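K.L.:
With the sequences and hints as input, model every part of the structure.
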Amino acid sequence: MSTEDLLVIENLNKSYSTGFGGRNKTQILHDVSLSVGRGQTLGLVGESGSGKSTTASCVMGLTAVDSGSIRFDGREITGLSKSERRALRSSMQMVFQDPNGSLDPRFTVRELVEEPLIIHGHKDRSERALKVAKTLDLVGLTEKQAERYPHAFSGGQRQRIAIARALVLNPQLVVLDEPVSALDVSIQAQVLNLLAQLQDELSLTYLFIVHDLAVAKLMSHQIAVMHRGKVVEYGTSQEVFEQTSHPYTKALLDAVPGTKQGVGHA
Amino acid sequence: MLSTILRRVGISLATIFGASVFAFILLRVVPGDPARAIAGDMATEDAVAALRADMGLDQNLFVQYWRYMRAVFTGDLGFSYSTGGTVNSLLGDRLPATIELGVLAVIFAIGTAVLFASLAVYSNSRWADRLLRTASSLAMGSPPFWIALLALMVFAVQFGVFPGPEGRLSPGLVPPADITGLYSVDALLAGNIPLMFNALWHLVLPAAIISIGPFAFLSRLYRSQLRSTRRETFVMVARSHGLTKFPVFNRHIAPHGLLSILPAGSLLFADLLTGSLLVEKVFGWPGIGSMTADAIIQKDFAVVQAVLLLAAVLYVVVSLLADVILTTVDPRTRVGAR
Amino acid sequence: MPVNTEVQRAGQEQSTATPVLEINNLCTNFELPGSTVQAVRDVSFTLCPGQRLAVVGESGSGKSAMAMSLVGLIPPPGKVASGSVKLRGKELVGLGDKEISAIRGKDIGLVFQDPMAGLDPLKTIGSQFVETIRVHQNLSVRQAKELACELLAEVGVNDPRRRIEDYPHQYSGGMRQRVLIAMAIANDPAVVIADEPTTALDVTTQAQVLELLERICDERGNALMMITHNLGIVRQLCDSVNVMYAGRVVEQTSVNALFNEPTHPYTKALLDCMIDPYTTVRGQLPAIPGSPPDLAAAQPGCAFAERCPLGSAEKICHEQRPEAVVLASGAVSRCHFAHELEGAQS
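Residue numbers (UniProt numbering), protein chains in the order written: chain A, 1 to 266; chain B, 1 to 338; chain C, 1 to 346.
In short, the hints are calculated from the structure, not lab data. All values derive from a computational prediction rather than experimental measurement. Some hints here could point you the wrong way.
Covered stretches of chain A (in silico footprint by chain C; criterion: 3 or more residues with CB under 8 Å from a CB of chain C, positions within the stretch not fixed) [stated by the list, open to error]:
# : region
1 : 51–64
2 : 107–121
3 : 200–206
4 : 216–223
Here are the simulated BS3-like pairs of lysine-lysine, each with C-alpha atoms no more than 30 Å apart in a straight line [unchecked claim]:
#  : chain 1 : residue 1 : chain 2 : residue 2
5  : B       : Lys245    : C       : Lys98
6  : A       : Lys82     : A       : Lys131
7  : A       : Lys25     : A       : Lys230
8  : A       : Lys250    : A       : Lys82
9  : C       : Lys123    : B       : Lys281
10 : C       : Lys86     : C       : Lys106
11 : A       : Lys250    : A       : Lys230
12 : B       : Lys245    : C       : Lys79
13 : C       : Lys90     : C       : Lys106
14 : A       : Lys82     : A       : Lys144
15 : C       : Lys86     : C       : Lys123
16 : A       : Lys144    : A       : Lys131
17 : C       : Lys79     : C       : Lys90
18 : A       : Lys144    : A       : Lys230
19 : A       : Lys123    : A       : Lys144
20 : C       : Lys123    : B       : Lys245
21 : A       : Lys144    : C       : Lys86
22 : A       : Lys134    : A       : Lys123
23 : C       : Lys79     : C       : Lys106
24 : C       : Lys315    : B       : Lys245
25 : C       : Lys98     : C       : Lys86
26 : C       : Lys90     : B       : Lys245
27 : C       : Lys98     : C       : Lys79
28 : C       : Lys145    : B       : Lys245
Glycine included, every Cβ here is placed at the ideal spot set by N, Cα and C.
P.N.:
This is the structure we're talking about:
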């Protein structure tokens, strides 16, 4: 593992107790080891229940780990206290599949984007305004749109607002949890292009959770395929696609509809 | 599952304990001296002190509480000074009257709530829906004792279709042999049909008035549950299979609504079993409610305490029971489901 | 509106067969306070026995509203405003609840998107299945259960005799969709409408369910109307396609022609948006700018004009609604420049 890795996950384990008196343990994560280089994207691919979202949630400190280590920027971040976690929040942000959950309909877009700054103690009002304006510009929202309320926007535009909220704090790492799977194809393309452009401009590091292999291939430098809590395939996106080793990855590739008759089209 | 049950039982016991402590302390910090009240204004200071010692009121609160709870666990709820009998026998006299009234009120409340909410939702008419919501708002907002007085004036005094505030039976009638304590049931068991109708005739008006508040609450709950279930995908699927509107409502929408009013309905039931203070008072109904009202005025500790304890136990038992029924009826939570 | 049956049928391969379903000038509106959303606008097409028609479009394109309108299941305040839907010549628009219910599930079976919510959680699979069968078939409960077990076995439920007593929560999402498919075909409908049946499922489960649908259509010979936004599914499962945009069918064509020579700019843009894992370059994914139009507003011209690489500069696109154009290939396109598009590709 190179020193240039921003995020290093080693032997992560997580289980939940179920059944009578919590006697049965369900292993959600099984010795998960991954790393993401600075300015790169790691695509985390898998189906529901594969553990990809739990992994992200452990990274964000939303789920406590059983054992293993997560190092962010060289520093161990498992078992941090609440205040230490809070300080870390501004350098790690998350974007969810459904932006509506995080967009309070009573606030304008500008207020929504400013809110994280206020929460993280940015006191200078004019500095805040400057940052908000810059971020809105980055994600392609106009000054006029900034005064509107989120319900006036389409799904793709709302996802832009959610991205702006994440980026306004200048994070190093952005965890993207299925950011385009609720969007229509044409809108999905706009958001994916935006994410790629933002990564290049701001040298962001992405942990990109996605179930669609084609999107993962397009967006990621490296891909990890997860299945039942284990990483079953891990490599550069080229390798994962062209030298598929694990039968599950092959099954995933074969299962994409319309690929059986060949991929090329007009 | 086991831990869930244990936790539930623990919470239940804590609730009952809390209620008993609350009742005990509350009644002892309010002004007024029960010993003086019993002995009367003419009694000497010494006589009152002796009575106070006899009643244990000179001990500290902790000892008093301990004595009380010990007695409760042996089944002795104490002595009612205002009536001169044991609380046990008093409750034995009064409880059936309240149960009879409460059961009928709950039947009224659930029956009308289910009927009218179903009609409003099924008919899909904006007009019917608005009518239901207005009715339930009015019902929620009007004080029951006021409606009780009004109803008596209209139905008993003006039109004479229902009896006045004369209790459970018309004056001069002899209650049926005591089997369940519920006059209407006992009269039926004794084969005395006219007496049964007389008992029911006396029940209808107070039961209807008591059911107004619960009706308002339950009809809103049932209506909103029906409306949200109607939007479920499985309802659309059932329609797509060719089921007409009524069978879909009957078999797929209504059961979900009923499931949702079960817990609320049973808590209302527990509530009604401790009687409605003012409505019972207005109708001269010899139940727990009017008894409690009298006991509060008389500062009859033992009775008020017993009623509060009864209320707590009823709440806990009924809600536990409702949970058990709910988990049994709903296949998703049924024990043993895979 | 001129009714031109020749135009309607031209885009389809089985134009010689008698259509089982014939849709003419169908319009569906949602009456909201203060505005009317025209969700389905003047849609006409036919469906023939054995045909597998894909209805493709993005959310809000009216594809689901159109499908629900066919069987009178459009939820209020939605309403079929005009047009006709004929099942073997019998008009369905305007039928009473009883009459249309006799057709739903019997002649037209439906499969919906969300299998997790598609079954009543309080009733066993068996009781729901028996109910579905007995609505249309005069069978005893025992016979209906027997038939249900056979159908469950057919869709791949193991040990149906035991599993039929289970409740929906004891089934996985993929299994529930199998059950719902079995229920939809229980009364041997001539038409199966599947509305995004695999969108809520994982990729591997999706593949299995698609295979099942394909097998069932092969074996039973029913017509399939597949509503989807996924062009991969179209390619795998269907033979003809209706592309919908802003409530209208903008292109009717065969699946082969769709991928090789799209004759509407929207279709072309949609195809370009598809990610090809081997050739698409990161950050340069072709996107359609803007977003779909407001369906409550009147559109004098082509609804796609604002976002169209061809039409945004053309006056005619903004002012005049494009009529259906039948092309040499048999495809039908509602674009002023359909002929030019066709010419450019060959």
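K.L.:
Give a verdict on every hint.
P.N.:
Hints versus structure:
For the region 51–64 of chain A, the proposed coverage by chain C is not satisfied: 0 residues have a C-beta within less than 8 Å of a C-beta in that chain, short of the threshold of three. Counting residues of the region 107–121 of chain A whose beta carbon lies closer than 8 Å to any beta carbon of chain C gives 0, which falls short of the minimum of three for the stated coverage. Proximity of the region 200–206 of chain A to chain C, defined as three or more residues with a beta carbon under 8 Å from a beta carbon of that chain, is not established by the 1 residues found. Residues of the region 216–223 of chain A with a Cβ under 8 Å from some Cβ of chain C number 3, which satisfies the need for three, so the listed coverage holds.
Restraint check for Lys245 of chain B and Lys98 of chain C: the C-alpha separation of about 9 Å stays at or below 30 Å, so the hint holds. Under the criterion of a C-alpha separation no larger than 30 Å, the hint pairing Lys82 of chain A with Lys131 of chain A is consistent with the structure, at around 26 Å. Proximity of Lys25 of chain A to Lys230 of chain A is assessed by CA-CA distance (about 16 Å); at most 30 Å being required, the pair is judged to hold. For a cut-off of 30 Å, the pair hint linking Lys250 of chain A to Lys82 of chain A is broken: about 42 Å separates their Cα positions.
Restraint check for Lys123 of chain C and Lys281 of chain B: not satisfied, since their Cα atoms lie roughly 46 Å apart, outside the 30 Å limit. With a C-alpha separation of about 15 Å, the suggested pairing of Lys86 of chain C with Lys106 of chain C holds against the 30 Å cut-off. Straight-line distance between C-alpha atoms of Lys250 of chain A and Lys230 of chain A comes to about 16 Å, which keeps the hinted pair within the 30 Å bound. Distance check on the hinted pair: Lys245 of chain B and Lys79 of chain C sit about 17 Å apart at the alpha-carbon level, within 30 Å; holds.
Our distance criterion of 30 Å between C-alpha atoms is met by Lys90 of chain C and Lys106 of chain C, whose separation comes to about 14 Å. About 38 Å separates the Cα atoms of Lys82 of chain A and Lys144 of chain A, which puts this hinted pair outside 30 Å; it is violated. Between Lys86 of chain C and Lys123 of chain C the CA atoms are separated by roughly 34 Å; this puts the pair beyond 30 Å, and the hint is violated. Taken as a hint, the Lys144 of chain A and Lys131 of chain A pair is honoured in the structure, with Cα atoms around 16 Å apart against an allowance of 30 Å.
A C-alpha spacing of about 20 Å is found between Lys79 of chain C and Lys90 of chain C, which places the hinted pair at or below 30 Å, so the restraint holds. Between the alpha carbons of Lys144 of chain A and Lys230 of chain A the distance comes to roughly 47 Å, so the proposed pair goes past 30 Å and is violated. Restraint check: the Cα-Cα separation between Lys123 of chain A and Lys144 of chain A comes to about 25 Å, which is no more than 30 Å; the hinted pair holds. With a C-alpha separation of about 18 Å, the suggested pairing of Lys123 of chain C with Lys245 of chain B holds against the 30 Å cut-off.
Between the alpha carbons of Lys144 of chain A and Lys86 of chain C the distance comes to roughly 49 Å, so the proposed pair goes past 30 Å and is violated. The suggested pairing of Lys134 of chain A with Lys123 of chain A holds, with an alpha-carbon distance near 17 Å, which does not exceed 30 Å. Distance check on the hinted pair: Lys79 of chain C and Lys106 of chain C sit about 23 Å apart at the alpha-carbon level, within 30 Å; holds. Using a Cα cut-off of 30 Å, the hinted pair Lys315 of chain C and Lys245 of chain B is violated, with the two alpha carbons roughly 50 Å apart.
At most 30 Å may separate the alpha-carbon atoms for a hinted pair to count; Lys98 of chain C and Lys86 of chain C meet this at roughly 17 Å. Of the pairs offered as hints, the one joining Lys90 of chain C and Lys245 of chain B holds, with about 22 Å between alpha carbons and a cut-off of 30 Å not exceeded. Of the pairs offered as hints, the one joining Lys98 of chain C and Lys79 of chain C holds, with about 18 Å between alpha carbons and a cut-off of 30 Å not exceeded. Only pairs whose Cα atoms come within 30 Å are accepted, and Lys145 of chain C paired with Lys245 of chain B is accepted, the gap being roughly 24 Å.
This entry does not satisfy hints 1, 2, 3, 8, 9, 14, 15, 18, 21, 24, going by the numbered hints stated previously.
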